[in-house]
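Place chain C on chain Y using the hints.
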Amino acid sequence: MTPSNTKQASITTALSEDGLAKKPWWVEQWMELINSYRFKKRLERAWTYARDGHVTSIRFEGRRVHARVQGTGDDPYKVKLWLDVLSDEDWQYVLEALTKKARWSAQLLAGIMPADIERAFAASGRRLFPFKLQEVRSECSCPDKANPCKHISAIYFLMGERFSEDPFVLFQLRGRTREALLSDLAEQRLEILKTISEDNSHNNSEVAISPHPAVLDPSLWWSYKANLNSDLVVITPALEGDTGLDAASDLPLAEDPRFPEARNLFLKNLIEHGQVLAQQAMLQAMETGE
Amino acid sequence: MSLLHATWLPAIRTPTSTGRAALLVWADTWRVASPSGPSTTPALHPFALTPEQLKTWLSERELLPEASIDATACLTLPSRALKIKKPPSKTHPADSTEKIDLPVWTGLPLQAGEPIPNKSEWWPWQVQGLAIEPSAAATWLSRLPLSGENSDLGDELRWWSHLQRWALSIIARGRWLPQLELSRGEGYPHRARWVPLLNREDDRRRLEELAGELPLVATCALPWREPAGRRINRITRLRPEAMRAANPVASCRPRSGRIRVANLLEELVDAQLRKEFTSKPEGLDPLLKIWQEALGSDDGRVLLEDEEAQRLATASHHWREGVAGNVAPARACLELFTPAEGEELWELRFALQAEADPSVKVPASTAWASGSNILQLGEVRVDRPGEVLLEGLGRALTVFSAIERGLDSATPETMHLTPAEAFVLVRTAAAQLRDAGVGVELPPSLSGGLASRLGLSIKAELSERSKGFALGDTLDWAWELMIGGVTLNLKELERLAGKKSPLVKHKDSWIELRPNDLKIAEQFCSANPDMSLDDALRLTATSGNTLMRLPVHQFEAGPRLQSVLEQYHQQKAPDPLPAPEGFEGQLRPYQERGLGWLAFLHRFDQGACLADDMGLGKTIQLLAFLQHLKIERELKRPVLLIAPTSVLTNWKREAKSFTPKLDVCEHYGPRRPTTTTELKQRLQNIDVMLTSYGLMQRDSELLDTINWQGVVIDEAQAIKNPNAKQSQAIRDIAHPAKSNRFRIALTGTPVENRVSELWALMDFLNPKVLGEEDFFRQRYRMPIERYGDISSLKDLKARVSPFILRRLKTDKAIISDLPEKVELSEWVGLSKEQQALYRKIVDDTLDSIARAPRGQRHGKVLGLLTKLKQVCNHPALALKEEVVNENFIERSSKLQRLEEILEEVIESGDRALLFTQFAAWGHLLQSYLQQKWRFEVPFLHGGSPKRERQAMVDRFQEDPRGPQLFLLSLKAGGIGLNLTRASHVFHIDRWWNPAVENQATDRAYRIGQANRVMVHKFITSGSVEEKIDLMIKEKSRLAEDIIGSGEDWLGGLEVNQLRQLVALEET
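Residue numbers (the working numbering), protein chains in the order written: chain Y, 1 to 290; chain C, 1 to 1067.
Rather than coming from a laboratory, the hints here were simulated on the basis of the structure.
Just to be clear, a hint being listed does not mean it is correct.
[As the list claims (entries may be wrong)] Below, a list of computed lysine-lysine pairs in the BS3-like style, where the Cα atoms sit at most 25 angstroms apart: (1) C:Lys932 - C:Lys821; (2) C:Lys1027 - C:Lys971; (3) C:Lys812 - Y:Lys225; (4) Y:Lys101 - C:Lys361; (5) C:Lys55 - C:Lys83; (6) C:Lys860 - Y:Lys268.
[Stated by the list, open to error] If you want the footprint, here are the derived chain Y segments under chain C, 3+ residues with CB under 8 angstroms: (7) 33-39; (8) 93-101; (9) 104-110.
[To be verified] A few chain C residues that don't get close to chain Y, going by computed Cβ distances all over 10 angstroms: (10) Ser120; (11) Thr411; (12) Arg682; (13) Asn685; (14) Glu820.
Even glycine gets a Cβ: it sits at the ideal position worked out from N, Cα and C.
So that you can see chain C by itself, here it is in the shape it has in the complex:
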């Protein structure tokens, strides 16, 4: 897959170029390339798409810019040194008359996501792409997504889209001024420019952020220069010495920095303001007329005498300097300190502060002492720190004139403010100073923000009387008023308010009182509300929560409440609960924690979503939970478990083997109960009833008549669309009007990241948590999905996280609990078509086998078994169909299940190997999967040429954006290959020799591999697949005999044995 990049081409001035900047859009892709290196000019980037390929690629994604020209640039990229394999030379180099210009260095450029070699170097590469002029670039950048992982787009495109969004914000807020910039030297014109003003605190922060995070590929270009000479003459153009002169093999030094980013922002802002500016010359004097015209022209060129230009430049700079200064690594900072005991005056100290990190400060004395030297301030270097400090103080003076008397000495370090002046600073001047580009540090109790407002400090504990705990329980609690970190009672507040001074001292801290504070406090005191456990959970979920308009600054929970809160907010792992009596099998430690968590939320009557990674045993944890309820005698009514049809079989199997004491029935098939009476009859002594999503919807009226104790949904992504009938039916059955049912959802997808699906899930689990759907869309979904708003996302996660438990197989706490290979049996059923076909084949063939002479029988038996295995895969395979037809997925239960699991694999960004023994199935599956997901799925089989095989393997292993799925035929791919990038192995059909399967599994699994490998083995229940699996598992004598002997043993079976083996059993 190709990855799109964008790099800024700075303006250069040559006799043939107008010196205009542009955005270069280019893409690289994974392919086999031989190392190369620069000779007279940088080498051609071996992985970059040609402009033609790039255009096609862009139009397919609707990303083709409106206007662009083909361009070449010289990009500096991290590279890997590699030697060229020497071609066998027949002639001695000395004999050769032609001197071969061998590069001194050879290698390949690295691609994003590629593993970094131990030693990387930076080399220039010639990259072809499309150059977009700045205003078209701004439009194009506005179309890019602002958030989210996009496999086609390089990270830096998101950086660019954020920069452009900032440019839009600057334009929307009108934070710009036109300027005249003087020529940078001979040959450069004077230019009229639209310049962003970056004096505001938030804009300055943004500059630091974007500069700090700048992906260097965005600015790593030296423009490609056409050598001087007639351009029409191709020979001139390609003359090496001319090329060398124009394009020395030079690299950009890795640098980031605010000045670069500020320049890029200026380019985008200028381009957009310039584009639609119409000059209105009437009534203007000649100077303004020329300036105005140039502000609307393409290149901003100003045709003025140097003298006049100088005058205009001075005036325009003078104009701007009143608003904003230059971009510098540091700024002046004023630090306010509260008066010492018994003193009246406040101390104000002057300091120098790093822009990038306001916590890095040095006192003014240090700045003075460094004289003309460079001052190292944290990570930045400040040139002439004294001048920077002085300039900032000059600016501060225009906003906060009180500091004038502090600047009377030559090297001032500190001064005193009167209480009135200090109050002005705290209340108004601090913000104005910050906007003027001067840092202000206030004492913590006055530093603005919520903490310095009147609020509450709360202590609470579960009541002694309450045995368990329920949400409505009233807590034992006590509260105090709190401002700026100090507590006070109403009397004290009244006394302080009586002082009529806005800044007052209380318990050694200075705090600011607001006019309304006393009134709000009085109201709260007279209300003196109760606090419930529900309130406590809400107040501790996110910061900044309020209780009766008062923010809660401090919440201190007693030990018992604390433990509940911690578990609830998942700040600590849930208390484990051992496997209940009657549970046949072992729970791994993390599964015991999962069980404990389910039980914990159940006690609160909260819905729970267990979203563990695939293979961690969600089914087992849920079964253990139901068994736990049963043992505790809490399971009084039946539980409804809804799952996709394809996993119903699996549920039955697992329940039978792990919780045989649970009475499980199935509501499925044509003979299912149709009346309430029948259903009630059926449900006598039943603990769990399984049904499919489809039937749940169809029979919802009938199912509604039962008083379920709980509703469990498996593969909960099935209800992702809240408006679908299915989702509504499930929501209704989970939340009946009168009674109360527990709700549990199971899913292996990363639900917490799928904002659009979260609402429906929470609507099922705990409807009040996320509010109405419209509110949810406005408050969370739009900001997060469209703009990647991180604060909304944080808030959303804080709201839902108590109800979702998701553990990954890569988590440290989990990985130690898991064996290196986790074998998972995937039980599947047969579709109607499969069943009919299966039976027909068995019936047709058994007789003929019985009648066949002994010699032919062996072959016939194997033929039958092969045919049946094919039916289990897909009828199309058994019927020798060659194309994927319309209902392909419905015809095979195994394929349905496979698709569901693969969906999770792809979602999690994992990679999987899929083994089959049938090449024909591989081909069908390949085209089906490629259609389904629209990406390439390589298939390595006996017919693949050797060279291609190696390329497929290399790509799977090396390409940073390589395929996630890799199909292999068991015979061709089962041995000799190293495919350790996969963390899932699927055995789609069974080979009755475990050794062969294990060998194939070992392609992905290597000793010492950090990843855990999940091995999925599909077993069609009731079919020959299951029976043979059972034989192998039970290590029956028959199975003992057959290990190591391939499948031949099957040929020797007696007809009766055979009949038993192949007969399709009702499951």
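Okay, chain Y solo, but in the shape it has when bound:
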């Protein structure tokens, strides 16, 4: 939890019904897109390329994906990927459609990518997700004339994982960051709400801030009369499978193919640390007051 006021994007994946093994739907959809590619051989080579760690970086810069792939030459090749951006007019249709169902806003605010988001985009006649691989525009600095070349294809593979880190990257590629989208949505919703709000007239009247009780009674500066909450009298361990790490499932960080075990090792270390510290905390709690 970040109680700080930073407007950090809060994002989450919808947990799929089949549990953790299944990828989020948008990752699945992306993989299907790649697998529909006709040149299977090239795809296989690209997969080996990606797995062997030839992709040294992938960055989302604005509406484009910039990547570097170490080829046979000394310098890595530069790869760019992008989708067609929606025009402001198109976005306006999407926004209007999105505000019609409270659920879409609700899920987006809670960090969930609605499974039927394309229906909102359909209002503009456009799509959020590319329908065909050809819709994904790309450029590579390698000498290979074919597009996609194996460098670009390698990026395709890794992109899927990256989408699981943050599904809202798709909005970004279509021309709106998640923050921009949410604030546009809020604006749009206000427009609708104005029509239902009865007394819009004194909407902007300031609600008086009542002074903090300590201003009226300075003794509150010092006094604390409460007793220890009964739940904290005995400090108990987590129930089986009830720790934060259990609840949070997999760390949504794209796998670096060179270190396939990295996430597991990282989580394992955290889990072990958590268990040791939980024991210590209980011991410490028991010693209190002795």
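Below, chain C without anything else, positioned relative to chain Y:
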């Protein structure tokens, strides 16, 4: 006395500081200070201890943190404006070349417990203390007591210790996730943090509680910044303009709030998880490697490109958002309503609910209508309520997918659920939703908890046939089954269970049936048990009691039973019982109620502890009770009354004057009976036998042979240790194997608050109430004493409260019954040493007085009387000893009694003035009392310098943690001082002129004072003190003559008169 405080210093980033947070520990103390105010920088807190003093003070209390650095911070504190007394300036300010920077405002910071002035202001003060880094702070906080009043520790330390305990609980339950937090701006690093997850309902409640109760001193700091520049250069450091730039005279606004408290919790959790984390870099990719390393490093600094950091931050937030959202003042709430008549579908309404108070709700329509405005929700302000509601609904959807179809419109307000969906919500989803941070309100009959379980509704009344009432009596009673507030019989239950639906409607209410309900009900019906008065008392003592596994939801008592229950549970004052025939004196109204209460419990054969505040007349109430038994012809056998030796005299005196018809004897001294025959002989026609605790234990075998009607213990704290032989002997004599004895305990200490002593007391009064000692320790003592567990305490109090009657002299109902001054005579005896010394002095001196020429006689008589009064105080005083030796307390009965009474005064948090006419005694007593209680006891006497006197008086009157006892010599302290903070006045020795004593008493007593003042006058029985007291009381002619003439009249006594006056009489 000093008071310890702890204030959080938030992290700041300056060129010279790493921006790490710390806990500042500091202390203030009462001293005389002149007002000051901020100039270029905040003024130095005039009452704070220096770091050196603080360290010494902390090590004395074993509270010195393992690692700390001296630190200065700027704290915003409530302050009292005071003008500086202008120094007589010789030069006109305009002439002065040096411009004096006079503060615009001057005053003093307030201290905890100090009376609040009419107008208080908030000003920053520079406070020195020790800064402890977060992980050491967490360890240090774990060592603090979790409960109880501790005179050395500020209230907020308990708040801190509760916060740390919560942090421990979070760690024990593993409710945390690591996060990457992006830099807050230029100069701040990206940081790896361990972040607590506060989505669970109980954690959210706790956050609200700790935020609501936050003592602001815990967070009132602006950190002290070193001005920029070379730190080595002291001059640079002290340059005023640099200081001003670094530390503007600014104050923290009084704010509390969940975000602040959540931040503090995060600091504690992060520090503890970070401290022992070892990174295991093998097999990790570079990104995770760096993150992991930073999670174990001191400052959590992450050295990553912004781009990579952004990626990691997004992923980690995404990870956390799946579990927990942000801390907000309000949350979405789903309200379930039962179907309307004839309908099938249940209504579910969306609402916005305040976190701080779940009863404050507004419907979704209000949230939608407020648009972008702030919504006032009870006491909190919700920014963009619509967004808050939507986010919550999004979260709800992940747990309870049925609401999806309700969110199809733009501004949904309500939807319908099928019976199956409603059941899922009631049974499982409600709890999951609450854990996800969404409020759920169910119809009352389904709202979970005990009320919605199958239970009983009971009606009962005392049987018509029973005349009095005894615990075993069977009651007339009727019962019905009850679920969710509606009653039903077995047939109806069978019919409903036959519907095979978990949610069924009965008598217009929807109730939930559990699979086992029918079976349990059938078992109960076939057993059809009886109910005794004992059962009724138990079932009505606390809620949640069960009868044959069924919880009792409702207990309706008929008027006669109700009246018994109310008195028993002390829900209403006991019926008063007027003073019985043969009682010489008057009972005040509350004493009549006390008498009624003793008689009430006696009828039930229950032990009773009368724990009235000192001075309310416990002795009188007990004597009246015994007299009542006697008049009612219920006193058939002798009663054994056990008391400390020091009060035996007092008992005899009081019995003689209030209940002369009671035949009282004493089992004490070398000539006491030693065989059963002798003792039985002695007890012929005796109503009450007095003995001391010591003799009770020594002669227990002998005393066991008597068939006592009852056992009374005075100063019942004497049996606080259940394993002491004395306590066991008393327990045995109170509970003989065959016969039955009434048990009464008297004490002036707040017994109900002394958990450790309650068991022994109840073991004497009513052994079954608290169970075995081991059970008691596990169930009550540990949770309450160590952790301050309030629910265990409530339960314990409910169990014992029927047997303890404690009234305070400050109670509204009591205060009106009391005169403004209550005079109490404390009768005491003489120790063996005192008696011998007394006799020797009388014998030696009387002859010489008789032989002395008239002129010298006067002086000699006064000398003799003075000497005897000194003996009554303490032999050491008469023998001119100057130090307190080992057996000091045993040598004087008066001192023993004084100590016992003072113990009660201190326990109750009262303050007392102690007057003596002997400065030497004052000095001895001062060092004795200081040794005994390890706190300062000031002594104001003729030799105290004037300035010091004023300081002593000020401190007694003003210091919130000032001394509780104040010794004064009668001459120096008897007039002119205002000491109204005292509610007890002790005249340790007598001055034979009431006017002088009254003047001294009036130091504490002022007309219009709300407190009642207890005036204790010590009288040594059989000695000259008693005889003169009697003369004054009887207003004999002799006494008439002497009033107003000091003690001189005594000098003129004839030898015979004198002999009678001073002779020590057997008492």
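Quick rundown of the hints versus the structure:
no.	hint	result
1	C:Lys932 - C:Lys821	violated (29 angstroms)
2	C:Lys1027 - C:Lys971	holds (23 angstroms)
3	C:Lys812 - Y:Lys225	holds (23 angstroms)
4	Y:Lys101 - C:Lys361	holds (24 angstroms)
5	C:Lys55 - C:Lys83	violated (33 angstroms)
6	C:Lys860 - Y:Lys268	violated (94 angstroms)
7	33-39	violated (count 0)
8	93-101	holds (count 3)
9	104-110	holds (count 6)
10	Ser120	violated (5 angstroms)
11	Thr411	violated (6 angstroms)
12	Arg682	holds (51 angstroms)
13	Asn685	holds (54 angstroms)
14	Glu820	holds (28 angstroms)
Going through the hint list in order, the structure does not satisfy hints 1, 5, 6, 7, 10 and 11.
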